[in-house]
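Engineer: Use the sequences and the hints to build the structure in full.
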Amino acid sequence: MATVRAPSSWVRRTGWEYLPRVREAAVDVATPALLCVLLLIILGFRFPQLYSSNGLAGAITASAPLILSVLAMTSIAISSPGGIDLSIGPFVAFVNVGIVHWLVPHGLGNPLYVFAYAIGVGIAFQMIQGLLIGLLRLQPVIVTLSGYLVFSGLNLVVLPNPEGTIPHWLNDWGAATSVNTPELYLLIGCFVLWGFFARTTFARNIRLVGGNDKTAWVSGLNPVLVRLGAHIVAGVFVGLAGITLTALLQSADPTQGAAQTLMAVTALVVGGVSLSGGRGRALGAVLGAIAIFLIGYVIGTLNLGTSESFVSGLIYGAVLIIALFIGSITGSALGVRKRAAISTEVSQ
Amino acid sequence: MTSAVPDLTTRSTTSATARLKPVLQAKRPVLVSFTVLVITVVIGIMSIPSFWSLLSLRSMLLLGSFLGIASTGQTLCALLGGLDLSIPFVIGAADLGTLWLLNKGVAQWETLVLVAIACAVSGAIGGLISYRLKGQAVVVTLGVGYVVLGATQLLISHNSQNGASVFGTVPKWLVSATSIRSGVLGNTPPAALVWLALTLLVAFGLRRTWLGQGIYALGGNRIAAGRLRVPERRIWILVFMLSALMAATTGVLLLGFSAGAVADAGDPYLFTTVAAVVIGGTSLLGGYGGIGLTAIGVCILTVINMLLIGWGFTAPAQQVIIGLLIVPMVAMYGRAPHPRMRI
Chain A
2 MATVRAPSSW VRRTGWEYLP RVREAAVDVA TPALLCVLLL IILGFRFPQL YSSNGLAGAI
62 TASAPLILSV LAMTSIAISS PGGIDLSIGP FVAFVNVGIV HWLVPHGLGN PLYVFAYAIG
122 VGIAFQMIQG LLIGLLRLQP VIVTLSGYLV FSGLNLVVLP NPEGTIPHWL NDWGAATSVN
182 TPELYLLIGC FVLWGFFART TFARNIRLVG GNDKTAWVSG LNPVLVRLGA HIVAGVFVGL
242 AGITLTALLQ SADPTQGAAQ TLMAVTALVV GGVSLSGGRG RALGAVLGAI AIFLIGYVIG
302 TLNLGTSESF VSGLIYGAVL IIALFIGSIT GSALGVRKRA AISTEVSQ
Chain B
298 MTSAVPDLTT RSTTSATARL KPVLQAKRPV LVSFTVLVIT VVIGIMSIPS FWSLLSLRSM
358 LLLGSFLGIA STGQTLCALL GGLDLSIPFV IGAADLGTLW LLNKGVAQWE TLVLVAIACA
418 VSGAIGGLIS YRLKGQAVVV TLGVGYVVLG ATQLLISHNS QNGASVFGTV PKWLVSATSI
478 RSGVLGNTPP AALVWLALTL LVAFGLRRTW LGQGIYALGG NRIAAGRLRV PERRIWILVF
538 MLSALMAATT GVLLLGFSAG AVADAGDPYL FTTVAAVVIG GTSLLGGYGG IGLTAIGVCI
598 LTVINMLLIG WGFTAPAQQV IIGLLIVPMV AMYGRAPHPR MRI
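Read top to bottom, the protein sequences are chains A and B. Position one of the first sequence corresponds to residue 2 (the numbering used here), numbered consecutively onward. Position one of the second sequence corresponds to residue 298 (the numbering used here), numbered consecutively onward.
The set of hints was computed from the structure by calculation and includes no laboratory data. Some hints here could point you the wrong way.
[To be verified] Some chain A residues close to chain B (C-beta under 10 Å, calculated; not the full set):
1) 116
2) 137
3) 139
4) 149
5) 251
6) 255
7) 259
All figures in this text were calculated on a predicted structure; none of them were measured in a lab. All C-beta atoms in this analysis are idealised placements derived from N, C-alpha and C, irrespective of residue type, glycine included.
Structural biologist: Given below as structure tokens:
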């Protein structure tokens, strides 16, 4: 069949539109990148210690759990409309509690067991969520909200108070004396891994199912399997986030969940990952996570004392709303909203 | 002719069940949730000796009415196809703000009006943003909630109190309105009457007003409702405003209950409001359900809570169990259709 093309005079093209992929990437990444640069400049004045070897190492150690959590959420967010994982904070804390409370006392603290446990539990839980969302077609918000409740309760049942010793080798991870930390290599490794993963056909299928599952289904894809795969990928990163959280805390803390979830959701949105599904890239998400982490540093330099907790809540909430607005504006600039509107109209 | 006769006879014999079937289908959520309620109550009576005592019933009714008032707003949002996750934060903010204003010497009715206006405005803003960013309404309300509570705490901590709690004297009428001991009309806690009145009012509003019908229309099919000139933006704003007002009512009542204000007063209501809506049988996809279903859901949740306390579960363990109950309940009503059904 001959392809029908609109005459070129119908469509006015600007320079950017000849490079749609590059343009889309630039729009997604621009906001978090600019925010990061701005915050790094502010911190240069307010907290110059950040730019020492110690300061950078500390920052890497402290931001690793958030970055890995956001990578996990990116995979889930791309795979379905409204695909937001609210359970992430309490679940990462659950991995942390498990390592300290179950593995170490039983002499299973060597890296092999810890990694196997963390990644295994992460994949298992994410598979359950993925099946509930994919197979039973429940709303992701409800499934993950119930995961949030279950794990924030379970953490306190298992370990009522923050306590415990971590495996010896994780001491070095948390020591943060030089930039040369294991976390840095872990993060780089994950990022490279994601780079390969994002270029596979499978990742493209995830984007298709997330963007429009009707089209995906008609094209012969199985939305259930694809969503399950996206959740398995997320499970790997969630497990690694639990390990880095253990290294950061040097202990186990059952109450870490709620704040972590808000920070991760904010980072995801700042990073240009659309919660309507199908759109988002790891570079943006990671930059978003770094920006959120740096905002925390800036709030820390204000010396707010007891009011710090709610001022940071206020600021994260405001950043979340502003980022959503920017996302919707850039999204409509890309025609994403128009496409989404058309697809809803067809579906109704 | 001969073949038609058996057809007729079978049809006439099955006609009673055939006529009943669509009715049962339509009323399934009510039947299911009411059955669950009866079962939980029976389990309670059998396993906990003092379950059916007046004091225990009255305290369940009181705790249920806090949840019920907050869940009313959540029901409206769910019928519209959204969720309001800002409810716990608005409850906390109203709780703190009311006592703070009273401590400053503002008259009681002025305080209530001010708190109502503040919450209504924050709800309206949340509704407007949710409407603009349709697919992401859930996250918007989360962000709005954090901003509302953070701003309230910032305001309160301004004159060197810590922002997490406020102490002071709560008005007498508010304390007695939410006390298990006091009672009107045959020992009913007054807060329960507020809940009952609100439920009846909303039930009437959903059936008989343009707003109520518009909510169902928008929840059922946004495009079709738009074609029918249902004012979408106005309804989103109004619904989230009402939800914030009901959360504020809960916050003020909780102030009387606990005789002091804390920022995390609303924390349990983040999930329980959603759970009450879902367990009752209102679909979170929008367009199907009602306030009566949520009332049943609130009763079920309160009874289950009482059972778990009676059986000696700690608060975190209760959380785990209610979290595990929610998925099978949503699986009964709130499933999205398969892609092949939507093409």
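Engineer: Going back to the hint list, which numbers does this structure go against?
Structural biologist: 1, 5
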